[in-house]
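Student: Same order as they appear, the protein sequences are chains A and B.
For what it's worth, my numbering labels the leading residue of the first sequence as 1, then goes sequentially.
For what it's worth, my numbering labels the leading residue of the second sequence as 1, then goes sequentially.
Everything labelled a hint here was simulated from the structure, so no lab data went into it.
Since this is a predicted model, take the numbers as computed values, not measurements.
Hints are not guaranteed to be accurate.
[Unchecked claim] Here are the in silico distance ranges between beta carbons for each label pair: (1) 28/A to 83/B: 32 to 38 Å; (2) 31/A to 319/B: 47 to 53 Å; (3) 348/B to 97/A: 25 to 31 Å; (4) 344/B to 31/A: 17 to 23 Å; (5) 76/B to 128/A: 36 to 42 Å; (6) 141/A to 4/B: 33 to 39 Å; (7) 251/B to 43/A: 30 to 36 Å.
[Said to hold, decoys possible] Keeping only pairs whose Cα atoms sit at most 25 Å apart, straight-line, the calculated BS3-like set for lysine-lysine is: (8) 236/B to 124/B; (9) 70/A to 80/A; (10) 83/B to 181/B; (11) 175/B to 236/B; (12) 131/A to 83/B; (13) 131/A to 124/B.
Glycine is no exception: its CB is placed at the ideal position from the N, C-alpha and C atoms.
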Amino acid sequence: MIERFLRFSAELTAFSELQLRGTGQAQAYLDAVEGVVGPKSVRELLGAYEEIGVTDREAGLRRKIFGDPKLGPIARNLIKLWYVGIWYQLPRDWAQTYGAREKDRTFMVSASAYSEGLLWPAIGAHPPGAKAPGYGSWTEAPRIPPVPQSSASNS
Amino acid sequence: MTTTIITTVDRLKEYLHRAMQLEHATIPPYLTALYSIHPGTNSDAYHILRVVVVEEMLHLTIAANLLSSITCPNDNGTRPYDKGPNLLAEGFVPAYPAYLPDGERDFQVHLERFSESAIDTFLKIERPASAPDESKRLIKRKAGSAQYLVACPEDEEKQYYSIGEFYEEIARGFKYLYEEKGPSLFCGDPKRQVTSEYYYSGGGELHPVVCMDSAQRAIDLIIGQGEGRGGGIYNKERELAHFYRFDQLRLGKYYRAGDKPDEPTGPELHVDWNAVFPIHKDTTLSDYGESSELSEAAKAFNRSYGRFLADLNEAYNGAPEKLLEVVPRMFRLRDQILQLMHNPLPGTEGQNAAPTFEVA
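In isolation and in its complexed conformation, chain B is listed as follows (with noise of 0.2 Å):
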């Protein structure tokens, strides 16, 4: 029996935002990761992260146009979403350590070297697993955890049992709606859709979200990027989904084409554990100590971090073509976090300093 759950614009527009903030907080740590691998080595595990953070970045702005969709221009509410994407929103950035769901089990994401650890925890990110039946798709939270990026909106004791359910529950609160509104739903400006002129080398194509055929679209390309579908390790694109990727690492071995899950049959893979700075795990201002060059360049980053995310949150709010002037800055930010990550923090025992993600 399948109840549904969104059956309301407002709460729509809840979930969308949440999403939003679940791809982003992604983001930081898979960084951190892939910058901490000594450039010029690991050529294959950089280009698996390389991939996966370039997809969650496209579906950040999926999950972005997905809440312009159904963003009507007179709407007068007054959450910080109410009136389009928010990536300033207060809270919008989580504090690492951060939580994310899994099942029965809690799990932390941190911002940390490449590592077993961490390619461990991207691969409860990315979980596949549908929930054993309708009962279990939200799940009752510990009681004492911290910060939940897919808690259950209307329920903040319950969360969902992977980022999957929770996309499926969008999917359906999209169906519930449209059935009662049909097209006036989607009352969204069309020009705030960021759509593929305005984006490039991407990780796929951006569709502008104008209807229910093309919302189905979007949020079926986030699960089957992601978390794979249905048991199948590639999507209909004949990508691998995000799971397998990382899975690779970890089983040191490539996926083909017809292979199943924990047998791939490819070509080896290498990883060198080793060849990653020494980045100093989950750091913070405060672990720079005191006023210093090296922090200041700490400082400095979140300072540029916060600037890109303003711009692209005017992206996202009707100036699209703000994308074109944004990409400059990603590789800037780049170069900020390598410079850090290849200086000696002080006060630890030979551990490098790591960009800390505190956005003002």
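Next comes chain A alone, as it looks inside the complex (with noise of 0.2 Å):
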């Protein structure tokens, strides 16, 4: 199962399985997602994402993943997870239609959850508060990395 969220978490946030796996957070984000919105409907999520072929791959994202009223506010979510570590309560209208979750609220997954979020390594930058870069590193330009290119719009 950590392998199927991981193939699907890298082509959500276009980074590599190898750095997901390195932020050591991927086993507590699948548990998170789990624990809210219930395993059936995370391999609901996987699977629809392994139907999609490798031909029209943005496409076939658009239309399976993200333009399903119940899939694509629960990946909208997962990228938010990779990215700041919050997880944000699911929309009214998603609870309305698929039911009220006991545990959908917004909330941090973990202390560590912070200063993992992959934002901090997209803007060159380290979380204020925490993984402290050392005195004067602000004298350096920030160490953004290249855009990576999208996986889906190449093929």
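Mind assembling these two chains? They're in different frames, but the hints should get you there.
Tutor: This is the structure we're talking about:
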């Protein structure tokens, strides 16, 4: 399950599976999303992703994932989860249509989820208050990684 | 009857180069154990390891200062360290597992996860023992052993009883040569001394080595912080010696001032040996198999480490302000190590990747 979750997360975040594992948060995020929407919905989401073919990938992602009223909001939440470590409460519409979930409220997954957010490497900064970068490091330009090419638009 | 082995400046330089090599050689094993601890867990162990590794970095810098203090600007020697500290000399970074001195029996130092066996090795590295008598200070090596870091430079067949004994020899060498040459022994350019203004939160004060007094104090600090001295577990600065810091992890209890070795009476100390990444022991690039994103990350770490040593070398050779730039690089090394350790190593049974410290 963790491998499938990581493959999908790599597509969602434009970070590699190695980088995602490197945050040490993969299992905690999978547990968090399963804890809120239930393992069945997560399987549904990953299954829908895996059915998307290699051709016309971007359209497939839009149609089957982001345009899907049930799966789209969960996928968007996963992107935010990886970037800032916070699960945001799902939209009210979603809860009304698919049923409110007991654990669906806005919460930080863990203390380390903040410092391991992908936001920080994406902007070439360190998380304020954590991972001290050393005195004077601010005199150097931010180390912003190159914008990755979308695997979806490539194919 | 005391015999001085170091009777020439050339030999003293050779010993100081070895001292730098030795101090550095402890850093990859300590860093590997330190970062293998799951972030946010095992805070007692994490802090003990961190203090020790930071002090080893201080000792490396002190050894560099000692070498610089006796390196005359016009030295024409051709050995890699004749013109000053050289972290880039061939073989400076050992191939692990590597040998360090251990009295009668040999042991190897590994790159391995935080574990009881790692702590046992660390205790051997920092062993406080003085040789029982003068004749035992130098020990004949066992045949067939591999690389030694504190082998006696002029006789590769012999090694020192402990790191403390090795530094005692250096102190004797300084005294002998000072008696012969007087203040001209310290012919090094004082601007090459790395001092505390370039070095912060680094485990102690860095004083310039410019005379016999400062040389002796520098050596005393290394011996006192490392292995302890004269049977005491605390040094003059009331810091616990490294050996006893590690000993606390073995015994599950903190030492307090006034305690005797093996009998700590301080608070309990909790160690969770399982809250550790299952990293592969003594990983080399060949363990990474075919080229992959993971093997590239391992190589990228080695390149970063090599650049870090090169920058440090510049700092030790007349550009001490460079140290301030090196510190942020050290934090990035930490992030690279953690990324590797979070990832499974293909071809192993549930083991994770680890930095290999193979510097080209």
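Student: Below or equal to 25 Å on CA atoms is what counts here, so check residue 131/A against residue 83/B.
Tutor: violated (37 Å)
Student: With a cut-off of 25 Å on the C-alpha distance, tell me whether residue 83/B and residue 181/B pass.
Tutor: holds (20 Å)
Student: The hint says 25 to 31 Å between residue 348/B and residue 97/A; measuring C-beta to C-beta, is that right?
Tutor: Distance hint for residue 348/B, residue 97/A is violated at roughly 46 Å.
Student: Next pair to validate is residue 131/A with residue 124/B; report whether the Cα-Cα distance is within 25 Å.
Tutor: With Cα atoms ~32 Å apart, residue 131/A and residue 124/B exceed 25 Å; violated.
Student: Looking only at beta-carbon atoms, does the pair residue 76/B, residue 128/A fall within the given range of 36 to 42 Å?
Tutor: violated (52 Å)
Student: Does the Cβ-Cβ separation between residue 141/A and residue 4/B fall within 33 to 39 Å?
Tutor: violated (53 Å)
Student: Could you tell me whether the CB distance from residue 251/B to residue 43/A stays inside 30 to 36 Å?
Tutor: violated (49 Å)
Student: Within 32 to 38 Å or not, the Cβ separation of residue 28/A and residue 83/B?
Tutor: At 52 Å between Cβs, range violated.
Student: CA of residue 175/B to CA of residue 236/B, is that 25 Å or under?
Tutor: Holds - the C-alpha atoms of residue 236/B and residue 175/B are around 21 Å apart, at most 25 Å.
Student: Do the beta carbons of residue 31/A and residue 319/B sit within 47 to 53 Å of each other?
Tutor: Hint holds: Cβ distance 49 Å, inside 47 to 53 Å.
Student: Holds or violated: are the alpha carbons of residue 70/A and residue 80/A at most 25 Å from each other?
Tutor: Since the Cα atoms of residue 70/A and residue 80/A sit roughly 17 Å apart, the hinted pair holds (cutoff 25 Å).
Student: Is residue 236/B close enough to residue 124/B, meaning Cα to Cα at most 25 Å?
Tutor: Roughly 23 Å separates the two Cα atoms, so the pair holds.
Comparing the model with each numbered hint stated earlier shows that hints 1, 3, 5, 6, 7, 12, 13 do not hold.
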